[in-house]
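Given next are the chains, with one letter for each unit.
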Amino acid sequence: MSAVMAEQTWVEVGPIDSIPRLGARVLKRDGGDIAVFRNAEDEIFALLNRCPHKGGPLSEGIVYGRTVACPLHNLCMDLATGQAKAPDEGCATVFPVRIDGERVLVSLEQAAT
Amino acid sequence: MEKEKLVLVGNGMAGMRTIEELLKLEPDLYDITVFGAEPHPNYNRILLSPVLSGEKTIDEIMLNTRAWYDERGITLHTGDPVVDIDRKRRLVKSEQGLEVPYDRLILATGSYPFMIPVPGAELPGVMGYRDIADVDTMIATAREHERAVVIGGGLLGLEAAYGLQQQGMDVTVVHLLDSLMERQLDKPAAALLKASLESRGLRFLMEVQTAAILGSEGGAGRVERVRFKDGTEVPADLVVMAVGIRPNVELAKRAGLHCERGIVVDDTLLTYDPRIYAIGECVQHRGQCYGLVAPLFEQAKVCANHLAKLGYGRYEGSVTSTKLKVTGVDLFSAGNYLGGEDCEEILFQDPGAGVYKKLVIQDNKLTGAVLYGDTVDGAWFFQLMREGTDISGIREDLLFGQAHLGDAGHGGQTQAAAMSDDMQVCDCNGVCKGEIVRAITSKGLFTLDDVKAHTKASASCGSCTGLVEQILANTLGSDYSAPEAKPLCKCTDYTHDQVRAAIRDQHLTSIGQVFEALEWRQPDGCHVCRPALNYYLISTWPNETSDDGQSRFINERAHANIQKDGTYSVIPRIFGGETSPAQLRAIAAAAEKYDVRTVKITGGQRIDLLGLTKEQLPHIWKDLTDAGFVSGHAYGKALRTVKTCVGSEWCRFGVQNSTQMGIDLEELTWGSWTPHKFKMAVSGCPRNCAEATIKDFGVVAIESGWELHVGGNGGVKVRATDVLCRVETPEQVKEYCGAFMQVYREEARYLERTAPWVERVGIAYVRKRVVEDEVGRKALYKRFLESQKLAQVDPWKERAAGAEAHEFTPLKQANG
Chain X
1 MSAVMAEQTW VEVGPIDSIP RLGARVLKRD GGDIAVFRNA EDEIFALLNR CPHKGGPLSE
61 GIVYGRTVAC PLHNLCMDLA TGQAKAPDEG CATVFPVRID GERVLVSLEQ AAT
Chain W
1 MEKEKLVLVG NGMAGMRTIE ELLKLEPDLY DITVFGAEPH PNYNRILLSP VLSGEKTIDE
61 IMLNTRAWYD ERGITLHTGD PVVDIDRKRR LVKSEQGLEV PYDRLILATG SYPFMIPVPG
121 AELPGVMGYR DIADVDTMIA TAREHERAVV IGGGLLGLEA AYGLQQQGMD VTVVHLLDSL
181 MERQLDKPAA ALLKASLESR GLRFLMEVQT AAILGSEGGA GRVERVRFKD GTEVPADLVV
241 MAVGIRPNVE LAKRAGLHCE RGIVVDDTLL TYDPRIYAIG ECVQHRGQCY GLVAPLFEQA
301 KVCANHLAKL GYGRYEGSVT STKLKVTGVD LFSAGNYLGG EDCEEILFQD PGAGVYKKLV
361 IQDNKLTGAV LYGDTVDGAW FFQLMREGTD ISGIREDLLF GQAHLGDAGH GGQTQAAAMS
421 DDMQVCDCNG VCKGEIVRAI TSKGLFTLDD VKAHTKASAS CGSCTGLVEQ ILANTLGSDY
481 SAPEAKPLCK CTDYTHDQVR AAIRDQHLTS IGQVFEALEW RQPDGCHVCR PALNYYLIST
541 WPNETSDDGQ SRFINERAHA NIQKDGTYSV IPRIFGGETS PAQLRAIAAA AEKYDVRTVK
601 ITGGQRIDLL GLTKEQLPHI WKDLTDAGFV SGHAYGKALR TVKTCVGSEW CRFGVQNSTQ
661 MGIDLEELTW GSWTPHKFKM AVSGCPRNCA EATIKDFGVV AIESGWELHV GGNGGVKVRA
721 TDVLCRVETP EQVKEYCGAF MQVYREEARY LERTAPWVER VGIAYVRKRV VEDEVGRKAL
781 YKRFLESQKL AQVDPWKERA AGAEAHEFTP LKQANG
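Each protein sequence line maps, in turn, to chains X and W.
82 is the number that our numbering gives to position 82 of the first sequence; each next residue is one higher, with no gaps.
536 is the number that our numbering gives to position 536 of the second sequence; each next residue is one higher, with no gaps.
Be aware that a few hints might be false.
What the hints assert, rightly or not - Here chain W is said to cover these stretches of chain X; the calculated rule only asks that three of the stretch's residues, wherever they fall, bring their Cβ under 8 Å from a Cβ of chain W: (1) 14-21; (2) 24-31; (3) 49-58; (4) 65-78.
As the list claims (entries may be wrong) - Listed below are the simulated DSS-like cross-link pairs for lysine-lysine, each with C-alpha atoms no more than 25 Å apart in a straight line: (5) W/Lys443 x X/Lys85; (6) W/Lys593 x X/Lys28; (7) X/Lys28 x W/Lys812; (8) X/Lys85 x W/Lys56; (9) X/Lys54 x W/Lys456; (10) W/Lys797 x X/Lys85; (11) W/Lys56 x X/Lys54; (12) W/Lys253 x W/Lys486; (13) W/Lys812 x X/Lys85; (14) W/Lys564 x X/Lys28; (15) W/Lys564 x W/Lys56; (16) W/Lys677 x W/Lys797.
What the hints contain is simulated information worked out from the structure, not anything from laboratory work.
For every residue, glycine included, the Cβ atom is placed at its ideal position computed from N, Cα and C.
Okay, chain X solo, but in the shape it has when bound (with noise of 0.2 Å):
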């Protein structure tokens, strides 16, 4: 990806306090809303908010080490990946983050897999 093109996709979010921890917030998007994660250890991660399962809003799922339970089916995502933990499969698009003192930017380019 080149330089100008990450200049334009980065989105700021807000201030990493925004986001609870253990816990997640929704930055709405045409094309599919992402969550954005917060862990114990204030690492951030963004997932599209489709659980590759049946859809569910992953945002709303139990946030415990770097994994996400969705909240329909506790279907288990790891959240720096996106993969789900075996013996579940499926995998929920990833989305670039970057922490800038205390703001936090999304990408909306999707990660390459």
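Dock chain W against the given chain X, drawing on the hints supplied.
Frame of chain X; chain W shown alone:
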């Protein structure tokens, strides 16, 4: 930093199970080296008999391939037994001269077959039955010779005899006592077994003692006959001794470790050398040596716990069960099958049909079982034994099995063994029996949790759990060990009850404190344990803990019910189900204002507004709370609704004012969190139009007052209530209701409804706490009222006024 070195001596089931358990806990802690005397990787020794009888192949019973060891970086030396341990220099020496140092050592040297020391025991053609090589020898012998004698009529001897017969040999079983399998069966069951095996062509010589084995060519060649103490002889081309096993302790003894019959270990599986653990058939624990696989697995878990440096696992001995792997013979035995003083026996005998069942009961608990001919309930009986369930309430039907309790699952299907492979077991996730069996055998699954994770069977509503456990038990035979008490989740080995006791006894008031005190494996737990811990904390210390929203399921965090499309439904509380035109107008106005897509009357006599977005929730709540409504908690593990009929105010049959009683109960109990959802109903006469007898707490009006019912539910497993007692006044109804809810809140496990809880503890116990102990009841009721002072804060009103705003608003709208 260099990893510590772990060496395992013995590549069998017990040792490798320990390694697997250890890798689950700490995949990278050790550099692992495994020595095995046999030339194969790890295989399922229990399934040797099906290999001998030709029903399975060697490949089918392999557990871990060489690739499995490679992928995990484990060094495997097969066909090279360890011959010496140098404890001073901390290294082991193998037969081929390898020297490998260790920081921790596990001895899992297993056992060897006991060879009776009679003349001729060393002749060619005389053997024990222990490993793949023995099976190969037996199969090869069967091709060239005809007559086999098996000495020993125990489990292993009978399996060997059956296998040899399937391989075409003419087999005689010789037994010292007058009854087969005397360590597992009582005499009537043993007699049925003997008759059945005789009808298949096996011959038995009972109460004979072997005196000598005689060879050909004047005694030095291959075995030819077996001679007994009474002077009689039988011809034999092959003699298999299966009279018992002896723990293999030579290596340990040579190394100077304390051994008696086996290598002596403590409750952590540690030998007298603090760097050396021992596990499996070679050990002696509290005076016991075990020769079955289920205890070994329990030991493996504990040993792995200590190797992973968690340090809290304890092995305290095992209850064992046995299944004979002879096709067409159904036999199950567990625990104290003989009975004795202070024991009672329940018997069923139908010799014509070849069925015999005996249950041994002591102090209202099942302590032993022998089943012959019909063993489908074996797994269930074993579970009752291990959990120490009080069976007084189901005693009359116990012998006839789980199916007769009217509580054995969905669709009337209760006998897994009788199901064909294409029949559906899990109706929620559409999983057939064949898929489950395939997953168990091909992926090497041993537990219910494994099956849930791999197949999704019983992972939703759980009503097929019993069936799945039966399938596991039938597929694995005696490999299956029903978990005695399940750990709360994968983050811990503690059970629900242990965690709750720790919260109470150690006065823990936050999830973080629980994690620290009980050494949780994951720093912030998982989606299974956190909601449970949050519940235990708020129900144990209501005044001292703060509710952790991030540890609640979305429904309880957002105070609405998430639907499959991610929208929510909202149900305002209508106390006792009695409403008014003004309330209905307010609901109608809100429904129109927020474009509610569906308005539905619920099963609990309330009005459901469906299809709201999360952002709309605080707004519709404001309108509803302004009109006087509070949350119906239709989403929570909490008091749901109190369903009523119109009662004596209108109904010509009504004998009490059931509507008012329902309103009073709902006003008393709304807002209370419970282990699972909690439903009530009040009927105005014994015709019971409010269906109070399938509720968690049901009240039925009678001429002289009220009859109280507990422990019922509709749903996947319908259970009618048990009668608690009769009382006279509405005040008493409230007191008994509050006291019952409080015992349930304090003692049931999270996500356990009153129906299974009452079955587990027994209605007699509930009556003792709530009815007979007046002081106790009043104390319970007082604690209930105390916690209600804090609980009856309407979550909708708080959020409509701005609480938790982040929950209901997006971060922002992005373009693109």
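Now for the hints, and whether the structure bears them out:
1. Restraint check on the stretch 14-21 of chain X versus chain W: 5 residues with Cβ-Cβ distances below 8 Å, three needed, restraint holds.
2. For the stretch 24-31 of chain X, the stated coverage by chain W holds: 7 residues have a C-beta nearer than 8 Å to a C-beta of that chain, and at least 3 were required.
3. Beta-carbon proximity to chain W at under 8 Å applies to 4 residues in the stretch 49-58 of chain X; the threshold of 3 is reached and the given coverage holds.
4. With a threshold of 8 Å between beta carbons, the proposed coverage of the stretch 65-78 of chain X by chain W holds, since 8 of its residues qualify and at least three are required.
5. For the suggested pair lysine 443 of chain W and lysine 85 of chain X, the alpha carbons sit about 17 Å apart, so the restraint of at most 25 Å is met.
6. Among the hinted pairs, lysine 593 of chain W with lysine 28 of chain X is consistent with the structure: their alpha-carbon atoms are about 24 Å apart, no more than 25 Å.
7. At roughly 6 Å between alpha-carbon atoms, lysine 28 of chain X and lysine 812 of chain W fall within 25 Å of each other, so this suggested pair holds.
8. Using a Cα cut-off of 25 Å, the hinted pair lysine 85 of chain X and lysine 56 of chain W is violated, with the two alpha carbons roughly 33 Å apart.
9. Distance restraint check for lysine 54 of chain X and lysine 456 of chain W: the Cα-Cα separation of roughly 15 Å lies within the 25 Å cut-off, and the hinted pair is therefore satisfied.
10. Straight-line distance between C-alpha atoms of lysine 797 of chain W and lysine 85 of chain X comes to about 39 Å, which puts the hinted pair past the 25 Å bound.
11. Simply put, lysine 56 of chain W and lysine 54 of chain X have alpha-carbon atoms about 40 Å apart, too far for the 25 Å limit, and the pair is violated.
12. Restraint check for lysine 253 of chain W and lysine 486 of chain W: not satisfied, since their Cα atoms lie roughly 37 Å apart, outside the 25 Å limit.
13. Between lysine 812 of chain W and lysine 85 of chain X the CA atoms are separated by roughly 30 Å; this puts the pair beyond 25 Å, and the hint is violated.
14. Between lysine 564 of chain W and lysine 28 of chain X the CA atoms are separated by roughly 19 Å; this keeps the pair inside 25 Å, and the hint holds.
15. With a C-alpha separation of about 45 Å, the suggested pair lysine 564 of chain W and lysine 56 of chain W falls outside the 25 Å cut-off, and the hint is violated.
16. For the proposed pair lysine 677 of chain W and lysine 797 of chain W, the alpha carbon gap of about 22 Å is at most 25 Å, so the pair holds.
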